[in-house]
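> Here the protein sequences come in this chain order: Z and H.
81 is the number that the UniProt record's numbering gives to position 81 of the first sequence; each next residue is one higher, with no gaps.
78 is the number that the UniProt record's numbering gives to position 78 of the second sequence; each next residue is one higher, with no gaps.
In short, the hints are calculated from the structure, not lab data.
The structure presented is a predicted model; accordingly, all values stated were derived computationally and were not measured.
Think of the CB as a built atom: it goes at the ideal place given N, C-alpha and C, for glycine as much as any other residue.
Certain hints may be false.
Unchecked claim - A partial selection of chain H residues facing chain Z, derived with a Cβ cut-off under 8 Å: (1) M22; (2) C40; (3) A44; (4) I45; (5) R47; (6) R56; (7) A59; (8) L89; (9) W90; (10) Q93; (11) P98; (12) L99.
As the list claims (entries may be wrong) - Quick look at which bits of chain Z chain H covers, simulated, 3 or more residues with Cβ under 8 Å: (13) 101-108; (14) 124-136.
Each chain, written out:
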Amino acid sequence: MSTPARRRLMRDFKRLQEDPPTGVSGAPTDNNIMIWNAVIFGPHDTPFEDGTFKLTIEFTEEYPNKPPAVRFVSHMFHPNVYADGGICLDILQNRWSPTYDVSAILTSIQSLLSDPNPNSPANSMAAQLYKENRREYEKRVKACVEQSFID
Amino acid sequence: MSENSRMDENDNDKKEVSQEKMFTLKKWNAVAMWSWDVECDTCAICRVQVMDACLRCQAESKKDFYGKQDCVVVWGECNHSFHYCCMSLWVKQNNRCPLCQQEWSIQRMGK
């Protein structure tokens with residue numbers, strides 16, 4: 001069954017393959033185009049460097065009028081990532097636009113890794129360390145980078 | 001005067017005949033490029049060309065009275081264009097242009 005949401009996701013996948021952004025990759029799961037697996041590589045010159053962070057993206061039939069649910073599967077230590085992997089990012093909530101596609105979502109999350117927003121924390125410990133004890137913050141992030149190789 | 005000019009012409013004729021042809025054009029293919037004269041030719045919501053039917057109408061293969069697909073283009077005051085179908089679904093939840101976030105108001109509709 002092909003619905004507008006599914007057709008749009010096929011176009012997103014085509015665009016992601018033809019014009020892949022650096023440091024991110026994603027693909028629909030084998031039997032369901034509404035659920036995607038993705039990987040974001042930790043950006044250079046950040047404590048996340050070398051990490052391979054896995055995510056799941058779940059779309060509804062209302063896509064692209066409603067944003068998908070995006071969640072880190074890999075354990076993350078980041079001011080804007082909840083303990084369950086949920087992401088606090090305006091464009092995935094109230095600033096969503098139907099012009100975004102999978103490529104735009106993944107690159108936005110990638111830039112959130114480089115530029116956390118400690119003023120709207122999802123992980124208050126990470127936010128506090130980011131603001132007050134950058135060395136300890138980086139140590140904790142490096143630990144989750146190493147964890148990302150295993151899980 | 002008139003005799004002079006005639007002589008000049010004769011001279012020229014002689015020159016042309018004596019010169020051998022460098023090449024001859026045997027076949028000529030013209031290639032033309034075209035695009036729609038609009039600022040955004042692809043609907044940023046469904047990612048289909050605005051002059052084609054949107055993804056929803058393609059899926060439902062809606063046809064109008066004349067058998068053409070009835071899926072019009074809408075231009076906002078901000079000059080951004082989308083399929084009317086795509087835009088009418090979006091403005092129900094947020095009355096802003098998805099590209100520039102300006103308050104959405106329709107400038108014109110049609111093809």
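> Each hint needs a verdict: does it hold in this structure or not?
Structure-based check of each hint:
Residue-level restraint check for H:M22 is violated (minimum Cβ-Cβ distance to chain Z is 45 Å; threshold 8 Å). With a cut of 8 Å, the hint placing H:C40 at the interface with chain Z is violated, because the nearest CB-to-CB distance is about 10 Å. Interface hint at H:A44: satisfied, since its Cβ lies 4 Å from the closest Cβ of chain Z, which is below the 8 Å cut-off. At a threshold of 8 Å, the smallest CB-CB gap from H:I45 to chain Z is about 5 Å, leaving the interface hint in force.
The criterion of a C-beta within 8 Å of any C-beta in chain Z is met by H:R47, whose closest approach is roughly 5 Å, and the hint holds. Below 8 Å, beta-carbon pairs count as interface contacts, and H:R56 has one with chain Z at about 4 Å; its hint therefore holds. For the restraint placing H:A59 at the interface with chain Z, the shortest Cβ-Cβ distance is roughly 6 Å, inside the 8 Å limit, so the hint holds. With a least beta-carbon distance of about 6 Å to chain Z, the hint placing H:L89 at the interface is held under the 8 Å criterion.
Interface restraint check for H:W90: the shortest CB-CB distance to chain Z comes to about 5 Å, inside 8 Å, so the restraint holds. Because the beta carbon of H:Q93 sits about 7 Å from the nearest beta carbon in chain Z, less than 8 Å, this interface hint is met. The interface hint given for H:P98 holds, since its Cβ lies 4 Å from the closest Cβ of chain Z, which is under the 8 Å cut-off. The restraint placing H:L99 at the interface with chain Z holds, with a minimum CB-CB distance near 6 Å, inside the 8 Å limit.
As drawn, the region 101-108 of chain Z meets chain H at 1 residues by the rule of a beta-carbon pair under 8 Å; below three, the given contact is violated. Counting residues of the region 124-136 of chain Z whose beta-carbon sits less than 8 Å from any beta-carbon of chain H gives 0, not enough to reach three: the coverage restraint is violated.
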